[in-house]
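Spelled out, the chains give:
Number of protein chains: 2
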Amino acid sequence: MSNDDEEMVVTPWTVKGKVDYDRLIELFGTERITPELKERMYEVAGEKHFMLDRDLFFSHRDLGWILDEYDKGNKFTLYTGRGPSGQVHIGHLVPWIFTKWMQEKFKARLYFQITNDEKYFFEQDLSLDQVRKLAYDNILDILAVGFEPEDTYVLQDIEHIDLMYEIAVRVAKRVTFSTARAVFGFENSMNIGGIWFPAMQAVPAFIHSWVYGTNTPCIIPCAIDQDPHWRVTRDVAERLGFLKPASIQNRFLPPLTGGSKMSSSEPMSAVLTTDTPKMAKKKVMNAFTGGRDSADEQKRLGANPDVCSVFKYYEFLFMPDDKDLADIEKKCRGGEILCGECKQILAPMMIEFLDKHQAAREDVKDRIHEFSAGRLREDLKR
Amino acid sequence: MSNDDEEMVVTPWTVKGKVDYDRLIELFGTERITPELKERMYEVAGEKHFMLDRDLFFSHRDLGWILDEYDKGNKFTLYTGRGPSGQVHIGHLVPWIFTKWMQEKFKARLYFQITNDEKYFFEQDLSLDQVRKLAYDNILDILAVGFEPEDTYVLQDIEHIDLMYEIAVRVAKRVTFSTARAVFGFENSMNIGGIWFPAMQAVPAFIHSWVYGTNTPCIIPCAIDQDPHWRVTRDVAERLGFLKPASIQNRFLPPLTGGSKMSSSEPMSAVLTTDTPKMAKKKVMNAFTGGRDSADEQKRLGANPDVCSVFKYYEFLFMPDDKDLADIEKKCRGGEILCGECKQILAPMMIEFLDKHQAAREDVKDRIHEFSAGRLREDLKR
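Taken in order, these protein sequences are the chains called U and L. Quick note: the first sequence uses the numbering used here, first residue 22, plus one each step. Quick note: the second sequence uses the numbering used here, first residue 22, plus one each step.
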């Protein structure tokens with residue numbers, strides 16, 4: 022079901038309406054990723070990345086500065102995160118896959134924040150036990166993406182609060198309720214934990230410099246809806262003696278049911294990482310496409326990949342090779358392929374992807390501790 | 022200088038105007054400590070305590086219930102605290118001395134919270150380094166009162182956040198900004214740390230039951246201005262599966278300069294625990310009294326101990342024996358003693374008290390760790 026008629030609302034907790042990415046750049050005051058910036062990334066990486074090339078990552082703050090610093094030998098840290106309020110779906114993996122690429126190519130340490138406190142504060146009906154179970158489950162998905170253990174630090178807010186609280190306290194003193202309300206739209210009915218939380222979300226941007234007494238740049242790959250957090254973080258950074266974190270922001274992988282952003286809470290809108298092959302196939306076969314009303318019409322007039330969720334899956338994940346993507350697009354527009362046939366191509370790709378991902382999930386189960394930010398405690402003591 | 026003409030305002034962060042304690046009981050919805058309740062306390066203790074007998078502790082919540090539970094064999098914990106925003110003065114010691122008596126007589130474990138995060142949030146110009154220095158210094162004063170190490174757990178919010186955050190998170194989810202604003206008078210200019218803080222102040226009321234998996238009653242001896250915190254704490258307690266904390270509340274020792282509450286920030290208004298004998302004597306000799314304009318007049322008409330800060334010192338601290346107090350009161354009202362003479366009696370008492378207190382402060386310096394709430398970590402693991 023499409024929700025494109027609603028007015029656009031994009032905050033860290035709500036995405037509604039048709040998302041106009043150009044308008045978001047204006048609204049949020051971020052910058053478009055230019056061809057020059059892409060080239061600079063590729064030069065360091067020694068290869069292109071289709072997510073950058075296709076403008077799936079499309080917006081940034083201070084990416085040029087991050088690359089300048091890198092060129093000078095001043096390496097950056099990566100910071101991204103996950104709020105464990107539900108199961109992970111395929112769309113969540115998009116920024117993580119790109120983050121892994123950046124980790125590998127730039128030899129960067131990654132801080133991966135699990136905001137278990139946030140989800141407890143913001144989801145009325147979620148207990149802490151439920152959040153903990155979801156966090157464990159989500160961490161399996163994160164690690165299944167293949168991050169380097171020695172360069173990956175999973176920070177769980179409640180479990181690692183001893184490493185985080187003092188930084189959060191310093192941030193919190195410098196953010197008024199007025200500011201928080203203006204940036205996040207908090208009402209007076211918001212609980213005092215939710216109001217506090219933006220201070221916690223700032224912490225991983227600073228924790229490396231804090232622990233090691235350095236002045237290390239940080240870049241945050243994330244979906245664009247999280248940008249308001251970094252505005253607050255950037256506002257306070259210098260007053261705390263830290264560098265402003267940069268960011269690089271991606272579009273949402275649209276729901277299989279049409280509309281703007283997938284949701285784990287609408288069962289058919291997203292393929293979950295733990296779906297069975299049968300369920301995954303069912304979701305793909307039921308997906309919203311840009312097809313015509315009849316096969317005859319489609320053969321005659323062609324279909325529209327621009328609004329098709331199946332095509333988005335190819336673009337975002339399953340056809341990293343531009344030739345493959347161009348080929349399927351041509352067939353689609355030319356009426357050479359029907360939507361049912363196209364879905365029959367995606368379904369086995371999806372099933373294979375899930376199969377590998379699920380094996381990797383199993384594989385990391387006894388290695389979670391290797392990624393724990395608890396390791397920072399030893400470094401803090403030194 | 023008296024500030025009695027202002028309208029009364031009593032919150033955890035502001036005390037202004039002449040404090041009307043009867044009105045506070047009404048406003049806050051607490052209860053007066055009855056002669057029956059005093060008797061029950063004395064029965065257990067095997068002795069009276071002048072602070073209770075003289076209604077310096079005058080108000081409570083659920084004290085009867087605490088004693089009922091005690092009689093049934095269900096012991097309580099004590100919880101009090103200190104916000105380290107300045108040096109400790111003699112007035113701060115009043116509730117601590119009474120708390121020590123309760124600890125001893127009821128064999129109760131004491132949780133003593135040092136709210137270093139609070140003072141950083143609420144004092145614009147205070148750095149965390151300054152708060153830390155003050156906290157260390159204040160802890161010396163606390164321990165100099167003579168609490169039992171094996172039954173005293175000093176909880177510092179930032180240092181012991183790993184023991185406190187999860188409880189605070191559970192509290193915070195259940196307190197809206199509307200409630201916090203109504204109870205504490207927060208403006209929109211309040212920082213998000215200050216708004217969060219009431220959740221932290223609730224924690225020591227629950228931490229014992231949390232760590233040991235018990236259902237242990239808790240009573241909070243404190244100055245009456247802190248009561249709004251416990252209203253919030255009591256409101257959420259049962260929803261979190263904890264017992265509501267009881268409380269027993271004291272009046273303020275008035276400033277030497279007249280008015281309602283002493284302040285470390287007005288130098289002559291309070292004797293600091295670290296004052297030299299010379300400084301202490303100077304403050305006493307300059308104190309506001311209920312004396313007449315001339316010696317002749319005073320000898321003829323007598324003076325008024327009801328408004329005299331010197332007399333309050335006798336009442337609150339230096340004349341625990343009622344006969345001594347009655348004697349000085351009679352002399353004062355009868356004009357048998359002039360204020361200067363009366364101050365000459367107080368000054369050496371004050372100096373002797375400070376001398377002992379300062380020696381005790383030195384004495385605890387290398388034993389602070391024995392009182393640390395960090396010991397709870399071991400118990401949590403079990």
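In case anyone wonders, no lab produced these hints; they're calculated from the structure. Please note that the accuracy of each hint is not assured.
Since copy identity is lost for identical chains, a pair holds within one copy or between any two.
[To be verified] List of simulated lysine-lysine pairs, PhoX-like, C-alpha gap at most 25 Å:
(1) Lys-59 with Lys-154
(2) Lys-386 with Lys-265
(3) Lys-59 with Lys-265
(4) Lys-364 with Lys-128
(5) Lys-154 with Lys-402
(6) Lys-364 with Lys-402
(7) Lys-39 with Lys-93
(8) Lys-96 with Lys-302
(9) Lys-128 with Lys-351
Please read these numbers as outputs of a predicted model, since none were measured by experiment.
query: What hints, given by number in increasing order, does this structure fail?
result: 1, 2, 4, 6, 7, 8 and 9
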